[in-house]
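**Student:** Let chain S serve as the given structure and place chain E on it in line with the hints.
Residue numbers (the working numbering), protein chains in the order written: chain S, 298 to 502; chain E, 298 to 502.
Among the hints, erroneous ones may be present.
The list cannot tell twin chains apart, which means a pair is met if one copy fits it or any two copies do.
With a Cα cut of at most 25 Å, we get these calculated SDA-like pairs of lysine to any residue [said to hold, decoys possible]:
{"id": "1", "residue 1": "K332", "residue 2": "T387"}
{"id": "2", "residue 1": "K351", "residue 2": "E339"}
{"id": "3", "residue 1": "K351", "residue 2": "I438"}
{"id": "4", "residue 1": "K356", "residue 2": "Y480"}
{"id": "5", "residue 1": "K332", "residue 2": "E393"}
{"id": "6", "residue 1": "K356", "residue 2": "L331"}
These are calculated hints, taken from the structure and not from any lab test.
Protein chains: 2
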Amino acid sequence: MNLPSKLIEDAVEQFASLPGIGRRTALRLVLSLLKNTTEEVEAFGNTFIDLRNKIGYCKTCHNISDTEICNICTNLNRDHSLVCVVENITDVIAIENTEQYNGIYHVLYGIISPMDGIGPADINASTLVERVKSDEIKEVIMALPSTMEGDTTIFYLSNKLKEFNIKISIIARGVAAGDDLEYIDEVTLGRSLVNRTVYNSATIK
Amino acid sequence: MNLPSKLIEDAVEQFASLPGIGRRTALRLVLSLLKNTTEEVEAFGNTFIDLRNKIGYCKTCHNISDTEICNICTNLNRDHSLVCVVENITDVIAIENTEQYNGIYHVLYGIISPMDGIGPADINASTLVERVKSDEIKEVIMALPSTMEGDTTIFYLSNKLKEFNIKISIIARGVAAGDDLEYIDEVTLGRSLVNRTVYNSATIK
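Only chain S is shown next, with the shape it has when bound in the complex (with noise of 0.2 Å):
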């Protein structure tokens, strides 16, 4: 695809280099935008600038907020004895869209994958530690993928915590809603199968 101008290939370069666009839909995007009058154009690049200056992060659970404290953080109607650790902020957010969970986050930053040269130090890891050390959490639950590198994670963390008395739990791992039997993965299957809970039909929407 060939491009008329500079200012429009770098434009589109820009796009593109975001995840999920491709060139064709970075064009369409750049030629929208230049729709818009410069004031509206110089706002939306002032935006992302904006963003990445001013950016913080909670000195607690370390959640993107705009305050020192999260909004999570600070709400004394939510359980401060449960702690969910989480990879990233998307996952409090989904976590946050379920409307079934009242503790606090730990967000990690990151999952340990040796592959990608990602270790310990590299999450925060250090500071769930010292959260548990000095602050009266009961329970961290462990919110992370059913992965290679999820249970890696896992296992690592919950290594830093076993000499510290809180229960350390791990989201439940199965079916999904919805799901047919005869197209799940072993794996899943086998560990819905280890896993099974006790019915209760209040359980079950």
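**Tutor:** Here is chain E on its own, set in the frame of chain S:
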């Protein structure tokens, strides 16, 4: 979807204002941007501001161009007696990609659409008439959408151009490559019968 930060919220809003990008995709893009360095994000934002402030248009054909006259109009190997009228620069790119056209262009930046309040004065129609009047143009090809608005625009332009001694043509309308006849709409199929061409094995790939 509740976002933990006003800065994130603003950035998501900006991405979500672009066509085809919803809030969930926008959040993914914002979080991907946040992983970049400050310099990279500043380059990202400034690219669009530069684009809007410095973008130029070819004085002859109105195509986007970094120079006063675009590459296509200055190319002496192209046929300057043949002008293809298109709605937008994406159409120029699409036609260039076919590698079947060696003439020059005229970009209208819109088509006449009374429903949207777009009249002949809102598109680059008068400059086309001037080009035909002053230049060595022998044929004008109307490569506009096969819609009510496209047809209205073709009717208007051909009326304006009929006083000059030039050929006015329109790109072929008919069955698209790979189409099965039974799924084609009546208008297209009807037209393809009325506008049938003499069979020549060389023209069918």
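**Student:** One pair to classify: K351 and I438, alpha carbons no more than 25 Å apart. Within, between, both, or neither?
**Tutor:** neither (31 Å within a copy, 53 Å between copies)
**Student:** Is the C-alpha distance from K356 to Y480 at most 25 Å within one copy, between copies, in both cases, or in neither?
**Tutor:** neither (43 Å within a copy, 61 Å between copies)
**Student:** Evaluate K332 and T387 at a C-alpha cut-off of 25 Å and name the case that applies: within, between, both or neither.
**Tutor:** Close across copies (13 Å), not inside one copy (32 Å); limit 25 Å.
**Student:** Which holds for K356 with L331 at a C-alpha limit of 25 Å: within a copy, between copies, both or neither?
**Tutor:** between (40 Å within a copy, 18 Å between copies)
**Student:** Regarding K351 and E339, is the shortest C-alpha distance of 25 Å or less found within a copy, between copies, in both, or in neither?
**Tutor:** For K351 and E339, both the intra-copy (17 Å) and inter-copy (12 Å) Cα distances are at most 25 Å.
**Student:** When no copy is named, should K332 and E393 be tagged within, between, both, or neither for a Cα gap of at most 25 Å?
**Tutor:** between (37 Å within a copy, 23 Å between copies)
Checked against the numbered hints given earlier, the structure breaks hints 3 and 4 and satisfies all the rest.
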